[in-house]
Amino acid sequence: MALAVMLLNGASFHGGCCRPKVLLSSLGPLLSNSKLYSSYRRPGAEPEKKLSWQNADFSFKKAIDHLKTQLSLLKKETQDYLKGPGGHALSQHLLEQTRVLWQFRSQEDLNKWVISSDVEIGGKSKVYIKLGRNNQAALLYGTLNTEVPRDGETQYSGYCSMRSRPAVGSFNRKKYYDWSNFNSLYLRVRGDGRPWMVNIYTDPYFSHQKDDLYTYFMFTRGGPYWEEIQIPFSKFFLSSRGRVQDNQHPVWLDKIRTLGFTIGDKVDGPFQLEIDFIGLLNDRAHKEKFAYEAYDKNTPV
Amino acid sequence: MRPGWLRALPRRLWGGPAAPQLCRSLCQRPARVPPAEGGTSGGDTSGGDTSGGDTSGGGTSGGDTPRTSEWHRRFHKIWENDPQPRGHPQSPVGGGATSGGATPKAPLRHLRSYRSRREDAHGDAAGDRDAHGDPGDPGDPGAAFTAALEELARSPPGRGGRLALVEAALAALPARGAGRSLAAYKALLRLLPRGAWVPRGAVQRLLFPFPRQQECGLRLLECMERHGVMPDAETRFLLLGVFGPRSRPLRKLQRMQFWLPRLRHLDPHPLPPRLRPGLAAARLGLQRIATEPGATVTLVQRPVPESGDDEGSVQPYILSSQSPEQRELLARHGPTRPVFVEGPFPLWLRGTLLKYFVLRGDPLPPHLRDPPPDPERSFYFPLRLELELERGPWDDEDFQVDRVEEGPVLALCVAGAGDRRTLGRWLAALQRHNPALGRVPVLFRLTGSGAEPPEGPPPPGWARGPPGPRRWSPPRMGVSPRGAPGNKGWTDGVRVPLFFGGVLVFLGGLQVFWVVFGVVSCFFGGVL
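Chain order of the listed sequences is U and C. For the first sequence, our numbering assigns the number 301 to the last residue and increments by one with no breaks. For the second sequence, our numbering assigns the number 1528 to the last residue and increments by one with no breaks.
Think of the hints as simulated: they come from the structure by calculation, not from any bench. Among these hints, one or two may not hold up.
[As the list claims (entries may be wrong)] SDA-like mimics (lysine to any residue), calculated; alpha carbons at most 25 Å apart, straight line:
hint: 1; chain 1: U; residue 1: 289; chain 2: C; residue 2: 1175
hint: 2; chain 1: U; residue 1: 83; chain 2: C; residue 2: 1399
hint: 3; chain 1: U; residue 1: 266; chain 2: C; residue 2: 1399
hint: 4; chain 1: U; residue 1: 124; chain 2: C; residue 2: 1175
Next comes chain C alone, as it looks inside the complex:
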């Protein structure tokens, strides 16, 4: 508390024009709860929660380390008593005249974002929107954590140790699964005292008031930003109450509210917000990469067990995709040239890694390819009509570079495992619709532990599993993979030396203004 002589000073010296009124409005909290009632007042909250009881006199022991502060003890008691997640939006707040001075009486529904209100209505707080891939438990750990924090906010033990608890809870938030839940962050903010950390006046604001507290607020917002949680107006209201206007957390919130909506929808190929794991993700992945018109995805083999994407599973899933054009191409592929099964290639769906394999044909040498069709082969009507009004015939947007020569893609497959039996099953399924595949030699080009030479940097050897055989061709033996005409096989790369010295520091050049001076320094400098 401020000493009496400071309170007697005229307002102008310490407080700005509007600060007193604002601080007064923000400091509207009831009197501090006397220690004797601290235990019993916490017991009349919702649910069968007996967190009151035997807390040793609620007053804070000032010399405690944060580890053993009253706040920590109370929180652990609540956590061990397994708080009920908030099932309905308006939970009754424990008795009016008691503790809970730090919390507003009712959730400010008009300030909350649509998403947080929907979370309440559906009762699930955390795990629905998955961060990177698979949602874990549907909201259970995060919701319980949030409920514990809210419980603690309703019955705070005292005045010390708050910041330490909030910092510890913030560090534990992602581990508890509540990193994506806005309600958890708001519950954390409600634990902080309102008005005590608001600087009074411009002078105090200038000197970075309450540094550790403001840094805690910043870290909280940083955690939100990292998990992609958008703060809403209620978060702003809570931060305003704790830190006051023109503070660093408020400034950061303003930036978040400016930039996150702009940067959120930049992905031209967005994934659905929720990704169902297992076969559904694989199907989505295959649909994503099989962009040929008319491509159809067929399930060749169901996974056994259901999440059968490991090597050791009984039966990994196989999904195959082929379009009519590809079938036609494969039918025309002569039996003298081989087709290649290449893979496994990685495909990431936000946090899920899938493996896909490609059946590629052999590219023809340039002199054997069909010439491109003559654009003037019909004089009666144009065969291609491009009505791009902003780009005219004077625009030449072709690059003077040879594109990569690769054979045509004949089929795609996403499989749980890349071993010989699985790929064989895939090819057998393809052969049902493409009888030509039975006559064509199939060569396997799998990147695995044994397919790459040992020297040089390690290959993309993330595909675990035994390498497939070098050749598999039922009717007749084809050419060896290394000797195939026109294909030089894998080349060894040389590792470019790592650039030491930090991300943003470059090997700058020597600043020489005159050439003559540079010549002179050649002789005196030696190694330049």
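In isolation and in its complexed conformation, chain U is listed as follows:
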């Protein structure tokens, strides 16, 4: 049973699939028509005719190159492991109070982020990212358009987002960030007065929870001065598919996969956000464990 599960999980041949599709591709023709675990398909878009395992490309040279890169990554990981927790010295791990996660000084820093908008569901918002003046900050800008795509299913539209690429180890294994030494997120941004949502995705083990996001808001003020926004992790509430959940719990800081910024404040028009850097802060004056009540809220109405 366990072996079968492992074979199933290991036997997919390409990296462009998410976990549910692995199951789908292994059981091939059996579930080819099933929508049980399929990923989102935009209403009106044609279903994919080609099955995922048919995209495999057998090339020996590419495989050798790939193997080389993965082995070098593995070597680096081993060295980091021997150095100390998280690849830093133990003293740094124990004493650090601040850490810079992402800063935007070059194009490869920008490549660590992915931007998306409601074009995926058929909307008309536009979003772009580029380096600011003198390669000193990232400028995320675009236009929000709340016109609902006419596919009969969608009710609302108008969002743009920027998410970090999930960390990937050697051989495409998932890596999680460990932020348990810190209790606040620190952002140095310069906005235009529009409110943004900050989302943390923890990529949970069970696929039922794959839409779970920990969310909070970032209110920019606008103006020529940089803002330093600190958001404690105790303020992030659990939401799924845009709905705040009843059972709340604080975010687990040692299993974080991606961070994202979304704008969807229902106002049509251009938006702009400059980000200098994103970091973590251990604010010793912040003692709150969790800002929301964790008890059962589904009392008799």
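Dock chain C against the given chain U, drawing on the hints supplied.
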């Protein structure tokens, strides 16, 4: 109606312990109005409204499409007769023994929120609290719609087509300007029948009873949530009457009443609830961004016409802000280095877009800057006293990163248009208090249609208007903008490819448990 054999069944099978009593209390409505009186009974309500009259026998025609149901016809008649918005709180309800079985006799004042009672007292229902920026007409379209709905609730034509009308009215509510009015939602709820859609017993509740009706209720609450309207106890009472306890709309209302108060006041820089348009909004915006101590906002040019924020207006407004420190900095700015006018940058005030321009100085190279003052330059008393008792000297909260190097901000301006003449007027006004500005070369760095290179993603080109000239310096010519030392100018960005595939789906990695297995699959998998 339930058939006789079902009514004869013992209660336990179909109804729960308290359901019969509750349903009985919720179903307290008078007998159905016979068709002949349906027309005349609706005519004795408030105002000069003659909605009665010639309605063809009030009984519903069951085979009608919802479009042409009796409810729709009655509502359109009321709407065309231009109902009076409710001016005083206690409007008389048309005669006791008639229709209006779906409405409570008097508004339940003790259950209403403070805000909805204040709305009544002031007589304006909808447009006061603006959603995103400018209020349109002060409450007129929304109040009229609400009044029409209430009128219809007082004289309902029959029993069919109610749900369709409510769904249609809900879809039209934002367009009619009543999206922010709690009274409109309550009027909609009063149109729904009380007690008919309450499930009897746990078994029926389990099987998602009255799905379309409950979905309509949910959609109504969703519309309220989207517009930021907080439901009060009267809304809960009305929903309880329509759907019964432990129904989905009630559950959603419970969640709204739990979460909306928590999420409403999160903004650390809140705007006032009402934003006056035009110059007042611009002044508020400038005060918001000019955070230097002692900054004063001066009106340089009044808009002509009053709402003069378009390119084509005769005279756009100009508001300028500068603080004494900035004046001093500008005075010390040598004539060999230029100052830059940058803009226009966007500033949003909830739903209003303003443009602001910045007068920035040239940042000095690091070796020419003044060294920071020595913190121990006075031994007699501390020059900075920070009494943060929870943070001690062992806390090191500095980030190991270089901050963005930019020149100092010397003045700010919010203008209706970004063309050369307007900015020139602003600079002339600044020059009155800063004579140094006359000697310093001023360079314009305006983002506009012509200021960016065409390749690459389109720039933040939302500033409409002709680009300003490259240089404007009255006494002597300065350096060219591209060749200014220390400034590389704009850089071209490369568009990161869009991430297709849905908001919540990621490019997941391959799940490989063993490294060896991964190596093997390298050879057999090819592209990974």
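Hints, verified against the model:
1. 289/U to 1175/C: violated, 44 Å
2. 83/U to 1399/C: holds, 23 Å
3. 266/U to 1399/C: violated, 35 Å
4. 124/U to 1175/C: Distance ~21 Å between residue 124/U and residue 1175/C Cα, so the pair holds.
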